[in-house]
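Colleague: Protein sequence lines correspond, in order, to chains S and B. Take the first sequence: its position 9, counting from 1, is numbered 9 in this note's numbering, and each next residue is one higher. So the mapping is simple: this note's numbering equals the position in the second sequence, first residue as 1, plus 1000.
Misleading hints may appear alongside valid ones.
Just a few of them, taken from the derived set where beta-carbon distance is under 8 Å, the chain B residues facing chain S [as the list claims (entries may be wrong)]:
no.	residue
1	L1054
2	G1077
3	Y1153
4	A1229
The set of hints was computed from the structure by calculation and includes no laboratory data. Beta carbons are placed, not taken as given, at the ideal position from N, Cα and C, and that holds for glycine.
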Amino acid sequence: MSVWIAIIATAVGCYLVKLLGLLVPANALERPLVQKLSALLPVALLAALTAQQTFATGQTLVLDARGAGLAAAALALVLRAPFLVVVGAAVAVTAGVRALGG
Amino acid sequence: MADQTTSADIRTTRGAPAGEPKPDAAVVRDALGVGVAVGLSGFAFGVTSAGAGLTVAQTCALSLLVFTGASQFALVGALAAGGNPLTAAAGAFFLGVRNTFYGLRLSQLLALPGLVRPFAAQGVIDETAAVALAQPTRRSARIGFTVTAVTLYVLWNLTTLLGALGAEALGDTNAWGLDAAGPAVFLALLAPMLRSTTERTVAGVAVVVMLGLLPVLPGGAPVLVAALAAPLVLFFKGRTERRDNSDSAEGKGAAQ
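Isolated chain B, as found in the complex (with noise of 0.2 Å):
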């Protein structure tokens, strides 16, 4: 685990990464491919939005200015259920923290100019980082990077302003099912980090708070103490790997 993690890390920290190259024209068809499919799904977003009381200026608003789905989803979660503005504000920006992580390593992987930063940070989420970080050369990863940016930014605000002027003309949203849109799209971005016991051990420990808290706490509060599942488990894992290695100091490469 430890020595993949180095690899991967030296593969990127040296920015250009060594591979064979890939014709453009296939970076670019699987750039639209990620861009298309999650593009469309704005127009999930628009409709659970405009749902939950937010006018189509708001909705708009939100995927131009946002534009990261799962935090724009958070936020109008937390509104609809009367969250405080602030705290339903902190539950989103907190799920957005990830994407400094992407533009980490994006930054070294592709290199940028100081200028051209402000604007391809707007782009910096998990499908640009996907495509980039899967990309064996710059060149690759430039393309791959700038056509899934465009072609998701573009799409994303056009469907979520189609779902949002939708919704207006569907009335009722809940009786056509979409208030489980939000929650769907959440287990979905959820599924494939649950890799390990780690990740489905913070995952469950997050829903028993959660739940646990919710008639206790208000508004977005109990969302935010959930996350606390993570330094949690992690805290725990630690202790528990010390304990591991201080009992069996001589066993070492034996286990996994």
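Bound-form chain S, shown alone (with noise of 0.2 Å):
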């Protein structure tokens, strides 16, 4: 139950900022200072999330199969790799890694 509140809660939350951005009038959002914060808060929240579903179990930092499936996406985001490709090695490597044992 407490899975669907948390699916309710994102779809309402995530469809009224769509909504909101195309309702709007287009002043009312356009300070220099809101504009670069938004811009720079999915740059912290994404480089958190990476951080956390890469090296965390539960509470425990870990480094396990999932730090060289990362690494093997960032090589192949450096080689400008399209995106199924980047994701595709990130999960090749950490089963790879798994099989050996790691």
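With the hints in hand, could you dock these two chains into one complex?
Modeller: Spelled out as structure tokens, the structure:
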């Protein structure tokens, strides 16, 4: 049940912020500080989430096969690989390292 | 930098971008390319969500109703980590706030009738904004937005369903390395944003805060605290720039 609460809350929240952009007058959110913050907020969130989902198991920090997978994804990004190849590389390397007992 | 921002703003604020018209077929081709490539990655979401313990119905509801990839991955990640549902939703919500700013620019560019806006809103995401904002005319922007949004919505939801069903057939999704899909998606979304020192500093600070607080704070709380890296870095950057400006008031235009 609590999962459904999280789903509904996220769905309503994410829809309203999408709609807000289309409905508010153009100059309302055009202040430079608001613009800069809105560009930087996803940077902080995505970096934190990447770190969490790579190096955390519950509340414990771990370095496991996911670390190798993320390194493979980073290499694919440096080589300008398409989105699906980046994700595929991470999955394949993580599975490979686990199969080898890592 | 400031000049670039201004000219880009003028270009979109005027609504009708000045540029050579582009053939409709070329716009459709661009839009389909983005829609298909990203739409297929819904499979990764479906698998990740099922691997995180969500049912097929819950997984599909997320793609149908939330329809903004990073928020969806963030929510299932936080739920899998045992986070409180509302903290988990808050993290996903803050990631979705950037869509407001896409909406602002798209609203001027597309000039949609009022009745269409509630429907168009669901399609206001990274990829549709990227395609529409790159078009030279309003007509191209409207075609680009619509084709990208519809292709992506249909494919993302189909592949989400396939991924969720596939995950059940796969059994232990971690053995297949599928728990690495979420962070890889985040990294792929993050990489093109790391254009200047400011963005890199924000990312670095966020990672350090995240890893430092993870063992101490419960559930999704560390992610929300790590988000404060953005205003923090902006604040210190603003202070440094003000000090630099007063130090070299006459050296205007020499730097950068």
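Colleague: If a hint holds in the structure, say so; if it doesn't, say that too.
Modeller: Results for each hint:
1. L1054: 6 Å, holds
2. G1077: Hint on B:G1077: holds, closest Cβ of chain S at ~5 Å, below 8 Å.
3. Y1153: 13 Å, violated
4. A1229: 4 Å, holds
Checked against the numbered hints above, the structure breaks only hint 3 and satisfies the rest.
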